[in-house]
Amino acid sequence: MAMLGKLSGGPWRRLILLLAVSLVLGVLKAAEPAWDEIEKTARGQTVYWNTWGGDEKANAYIAWVGERVKERYGIALQHVKVGDIAETVSRILAEKYAGRNEKGTVDLLWINGENFHTMKSNGLLFGPFSERLPHYPLVDTVTIPSTTLDFTEPVEGMEVPWGKSHVVFIHDAAKLQNPPKSVSELMDYIKAHPGRFTYPEPPDTLGSTFLKQILIKLTDQQEALQKPVAETTFGPVTAPLWGWLDEVRPHLWRQGQTFPQSAPALRQLLADGEIDIAFSLNPNDASAEIEKGNLRNTVRTYVLAGGTIANTHFVAIPYNSSAKEGAQVVANFLLSPEAQSRKLDPAIWGDPTVLGLEKLSPADRARFIELKRGVATLSPGELGAPLPEPHPSWVERLEAAWRARYSR
Amino acid sequence: MNRETARRGSWSALALNRAPALTLFILLAPIAAGLLGTLLPAFGWLPVVGAADFSLEPWRALWAAPGLGQSLALSLWTGFAATALSLLLALALLATCHHTLWLRRIRQSLAPLLAVPHAALAFGLAFLIAPSGWLARWFSPWATGWERPPDLAGFGPQDPWGLSLILALLLKQTPYLLFMGLSGLSQLPLESWSSVARSLGYGPITTFFKVILPSLYPLLRLPVFAALAFSLTVVDVALIIGPSTPPTLAVQALRWFNGPELTWRLPAAAAAVLLTLLVLIALATWEGMVRLLGRLSRFWVIGGWRGGMGGIARRLALGGGGAVFACATLSMGGLLLWSFAQRWPFPLAWPERWTPDNWIGQSGNLLAMIGTTSIIGVAATALALGLSLACLEHEAHRRPTFAGRSLWLLYLPLLVPQVGFLFGIQVLLVWGGLDGGWPALVWTHVLFVLPYVFLSLADPWRAFDARYEQTALALGASRARAFWRVKLPLLRGPVAVAAALGFSVSVAQYLPTLFAGAGRHATITTEAVTLASGGNRRVIGAFAVVQAALPLLGFAAALWIAKRRT
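So the sequence lines, in the order shown, correspond to chains A and B.
The first sequence begins at 1 in the numbering used here and counts up by one.
The second sequence begins at 1 in the numbering used here and counts up by one.
Where hints are given, some of them may not hold.
Heads up, incomplete: computed chain A residues facing chain B, CB under 10 Å, no partners named [stated by the list, open to error]:
#1 GLY53
#2 VAL82
#3 ALA98
#4 THR118
#5 PHE126
#6 HIS135
#7 LEU138
#8 VAL142
#9 PRO145
#10 ALA192
#11 PRO194
#12 GLY195
#13 PHE259
#14 PRO260
#15 GLN268
#16 TYR406
A few chain B residues that face chain A, going by a derived Cβ cut-off under 7 Å, partial list only [claimed, not checked]:
#17 GLN70
#18 GLN158
#19 ARG291
#20 ARG295
#21 GLN342
#22 PHE346
#23 GLY519
#24 ASN536
#25 VAL539
Quick caveat, the hints were computed from the structure, so don't treat them as lab data.
All values reported here derive from a predicted model rather than from experimental measurement.
All C-beta atoms, glycine included, are put in the ideal place defined by N, C-alpha and C.
Chain A on its own, in the form it takes in the complex:
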């Protein structure tokens, strides 16, 4: 009312402007197919969804999504598991190479960071579309800035936030009461316990994240990390990281000559007792594994003093997808409170939600609150403030430099 009063009291010009703007918006809106149109077209489509297939919990969850979208939207979801999502990026590139600009073989892919950067800058993505999804307004873009800035790369509607990652360290509290809480303590621990620590081999996502985590803690040039990497800055900024890695390497698991290939492989080493400390991008990972009987129930998680890296993972649609409508409907379903709360359940997967709970209806909010926090999961307060990801260009440079140093 107050606003109306203010408007009517103001000059006519403002009203006309407002009308014009809404008219333009209305026309724009009409030019885009309405959501129920999209849902109608989606019915009967087959959506090929490519994801990294190494995590059984995620695979089982995706199978459930497939059942749901089948019965609710008549979409046949085909889960395509790959060893590394970069393979899928490679495939879409090959399709562009061959001029197959429609009827591509991939309709949806699980992605973030440097792969998103690659696809976006090579024009391999469909969109912008994510902000038009009916469930998008539920996303907490304010307290989770990485939902709009993927490794500092603006998302701009080209991918849909799906889950949240936050680096946590994992240890068995029955065997190790006081785990190292800082990078220098970690080095001391590694030296005192040779062969009992390692990290996944970059370019595995968790392995690269570990490099960034150590780098952020050691460098005093935080601002440089937020900008694209420059030839002049890379050397000086990363020098402390290489010093640290060089110093611990001979004391790593298998003397740093061999590295585990993925996050689950690292976790398996902890379960086998080959290493003392593991880490994960999923703060609920340890709880979920305890639930599955794969880790002992004395396993706990913690973060480094001063916080750890956090990011968001997304789903995106290739520019040549043959089922763009179906893919959008699936992406929208993934953002539903039903799908997001099930994903958060440690008994299912334990992947944190990207939704803002205060934006949900009380009934939907209850779905999340009812979930018991896992025995090894930290509270939001304990988890602390997330550290932002460096610009994606750093990842490639770090991986290349790592390979040049330790893979020869």
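Take the given structure of chain A and dock chain B to it, following the hints.
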């Protein structure tokens, strides 16, 4: 019916005439196109990443890539060591057992080892020899004092020297070379040669090396080449159990292909070309070494040394063979246990709790993939069988044509590294809108199935006593009737074994399925290799067991058909 009328006669005769050319086209067209699709990017031409100028830049980038020299050396070392050791062991077993009852026992134990896919064996072996693996668990803590897994830097899966990779390859190549050696022996007049040599006082081992081997090796040459090329370029086994810092050249090339940095496709293509050259050089080197060895040993061969009975040598060879057999069996056994394990912490030698959940949870997935794998396998095997039989029949009844004489080219898919042409094939399939479809998938599998099927059928076919057929013809049967009613039933054993072998080759294909299937058709093998990156032994166990069970069923069926009386 004389030859001329037969040639001009029926439609089927016409088809038979075209068989060698058609077969060669089916095999060579995709390989040639694929090689071209790899060569162009290797010299700077890949417009989609903005590279449209021919240059040597990809080669410069490849040369500057860290760890390239080590990758090359690693590929050569593991490839040569695995092939030489497997050949040595296979020959040692043949040399010490060719005159004994052991030969039959060896033959009988081969089928399961031939059937198990490389990848499944590699998973199992990785668990067997890991510091927290099954072997360590048996002896811990009572003998080793290890309450927790030891920290062994240079030993276990993915060791930097590639020893575990060599062992994994050895487990598969030895049975394969033995199998080919046995089939070679069956073509030689073993009995008469042996008795002559024996009457001259030569011991059995000396007889083998002086009398039999010079005639046997030419029959083994192509299989040995295939084994060497395979060991130098294998991807799935090297991914699972090979070193990773740096990996072998084949794995490294694939990594560059698949990496997020698109411009690396060009040096990756150059690496694939380099690998292809490497294989050619390796084959030439191997052949040169074999000839040199042959020349050097001429003095020894005619020198008159008789040798003893070779009892100790036999025990050694049988011990080596037994170790290979035990290693393979335990590898698969460990996986079977894991697939039923709930908790199995170190140092327990057996799972703490058992559960069928791993199987129940994966059953839907497994069934779907068994379906896909079987359809591709059966279709590719049927095609390969049809083409091979047509070519062999053509060879048996017609004057050899140019295409007929060029059938040795069938082995090309086994000698050219898969990474070398599969990326090009992928682009080709995408171009034709064929990728992700069943025809493309089956075609790509035929490339690798056909050589094995042809290889295993050729000898029995050529050794077939033509008088059976002539008798049928003389009794008035048509040529087709003679083939279907006389020749095929008599040769059903070799045909069934060839089909089982072809099916097992198809089941084991990783890269071809990945590239041609557009990821849309997951087979047991692609799924298992993907799961390997996750390290979940329960699920990997279930998949590897099924991966091994499918071809085993094929071999069991083949043995049943071969033994059945008509």
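Hints versus structure:
Hint status for GLY53 (chain A) relative to chain B: holds, with the closest Cβ pair at about 4 Å, below 10 Å. Against a cut-off of 10 Å between C-beta atoms, the interface hint on VAL82 (chain A) holds, since the closest Cβ of chain B lies about 6 Å away. Against a cut-off of 10 Å between C-beta atoms, the interface hint on ALA98 (chain A) holds, since the closest Cβ of chain B lies about 4 Å away. A cut of 10 Å between beta carbons decides the hint on THR118 (chain A): the least distance to chain B is about 5 Å, and the hint holds.
A distance limit of 10 Å between C-beta atoms decides the matter here; for PHE126 (chain A) the minimum to chain B is near 17 Å, and the interface restraint is violated. Because the beta carbon of HIS135 (chain A) sits about 28 Å from the nearest beta carbon in chain B, more than 10 Å, this interface hint is broken. The beta carbon of LEU138 (chain A) is not positioned within 10 Å of any beta carbon in chain B (closest approach about 30 Å), and the interface hint is therefore violated. With a cut of 10 Å, the hint placing VAL142 (chain A) at the interface with chain B is violated, because the nearest CB-to-CB distance is about 30 Å.
Nearest Cβ of chain B to the Cβ of PRO145 (chain A): about 23 Å, over the 10 Å cut. The hint is violated. A hinted interface residue such as ALA192 (chain A) counts as satisfied when its beta carbon comes closer than 10 Å to some beta carbon of chain B; here the least separation is about 13 Å, so the hint is violated. A least Cβ separation of about 6 Å between PRO194 (chain A) and chain B falls short of the 10 Å threshold, and the interface hint therefore holds. The closest approach between the C-beta of GLY195 (chain A) and any C-beta of chain B is roughly 3 Å, which is under the 10 Å cut-off, so the hint is satisfied.
For PHE259 (chain A), the shortest C-beta to C-beta distance to chain B is roughly 7 Å, which falls under 10 Å, so the interface hint holds. A cut of 10 Å between beta carbons decides the hint on PRO260 (chain A): the least distance to chain B is about 7 Å, and the hint holds. Below 10 Å, beta-carbon pairs count as interface contacts, and GLN268 (chain A) has one with chain B at about 4 Å; its hint therefore holds. At a threshold of 10 Å, the smallest CB-CB gap from TYR406 (chain A) to chain B is about 6 Å, leaving the interface hint in force.
The interface hint given for GLN70 (chain B) holds, since its Cβ lies 5 Å from the closest Cβ of chain A, which is under the 7 Å cut-off. For GLN158 (chain B), the interface hint holds, the least distance from its beta-carbon to any beta-carbon of chain A being 5 Å, beneath 7 Å. With its C-beta approaching chain A no nearer than about 36 Å, ARG291 (chain B) sits outside the 7 Å limit, and its interface hint is violated. For ARG295 (chain B), the interface hint is violated, the least distance from its beta-carbon to any beta-carbon of chain A being 39 Å, above 7 Å.
A hinted interface residue such as GLN342 (chain B) counts as satisfied when its beta carbon comes closer than 7 Å to some beta carbon of chain A; here the least separation is about 6 Å, so the hint holds. The beta carbon of PHE346 (chain B) comes within 5 Å of a beta carbon in chain A, closer than 7 Å, and the hint placing it at the interface holds. Interface restraint check: GLY519 (chain B) against chain A, minimum CB-CB distance 4 Å, threshold 7 Å, status holds. Because the beta carbon of ASN536 (chain B) sits about 5 Å from the nearest beta carbon in chain A, less than 7 Å, this interface hint is met.
Evaluation of the VAL539 (chain B) hint against chain A yields a held restraint, the C-beta minimum of about 6 Å falling below 7 Å.
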